[in-house]
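Colleague: Below, each chain spelled out in residue letters.
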Amino acid sequence: RKEVEQDPGPFNVPEGATVAFNCTYSNSASQSFFWYRQDCRKEPKLLMSVYSSGNEDGRFTAQLNRASQYISLLIRDSKLSDSATYLCVVKGNNNDMRFGAGTRLTVKP
Amino acid sequence: GAGVSQTPSNKVTEKGKYVELRCDPISGHTALYWYRQSLGQGPEFLIYFQGTGAADDSGLPNDRFFAVRPEGSVSTLKIQRTERGDSAVYLCASSLGGGETQYFGPGTRLLVL
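Going down the list, the sequences are from chains A and B. The first sequence begins at 527 in this note's numbering and counts up by one. The second sequence begins at 148 in this note's numbering and counts up by one.
Only true hints are included.
What follows is a list of derived Cβ distance ranges for each label pair: (1) B:Arg211 to A:Arg602: 40 to 50 Å; (2) A:Glu529 to B:Lys225: 17 to 27 Å; (3) A:Asn548 to B:Gly163: 36 to 46 Å; (4) B:Gln227 to A:Gly535: 29 to 39 Å; (5) A:Glu582 to B:Gln188: 25 to 35 Å; (6) A:Arg592 to B:Arg211: 35 to 45 Å; (7) B:Leu186 to A:Ser607: 20 to 30 Å.
Derived from the structure by calculation, the hints contain no laboratory data. None of these values were measured; they are calculated from a predicted model. Note that beta-carbon positions come from the ideal geometry of N, C-alpha and C, so glycine has one too.
Based on the sequences and whatever the hints tell you, model everything.
Modeller: What follows is the structure, given as structure tokens:
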């Protein structure tokens, strides 16, 4: 079993749609959680950290369920510019960072 | 300010050759990570340095792979006796401390023929 698993996608949604991505992790000792965004043939960039209480940044909402070892990312009012691959990242207790395979999103006009 | 830089940006080599990939982290960042990313996959963790020492090298696939960071800044990933399966994008990231936000370099695209 992979340490970090994500919805395989791809997700193809119209502009303005709401879309949700899920991620599960296997290491219950994981310390911190993140969502990164990666554009085609570019390096990953931090989108947002995920906090236990859930957090929101504009149209993006991230949630964490430690008991279920589950992380989610919700994007509201999708824009064309949101098209990218979204990577779920989990930090272990040794500061090692493990990435999921990514979920590809395409927002269409 | 300057971000993470990696050289070369592209490297084509023949099976069995030795390659070195270089990473220049953001100045002052003590943590440095190497990843390997194949098409359609997320970055695969290889090794993590805190300062000069490898804090976690559990991701190195075998003993053909080795990385150093002798002065706690620049790091070199070394691959001996390259195989076609080593072809991938090798990403480097640095962070202020371990587990902080990582800033990635543009990667080195390695192609082993």
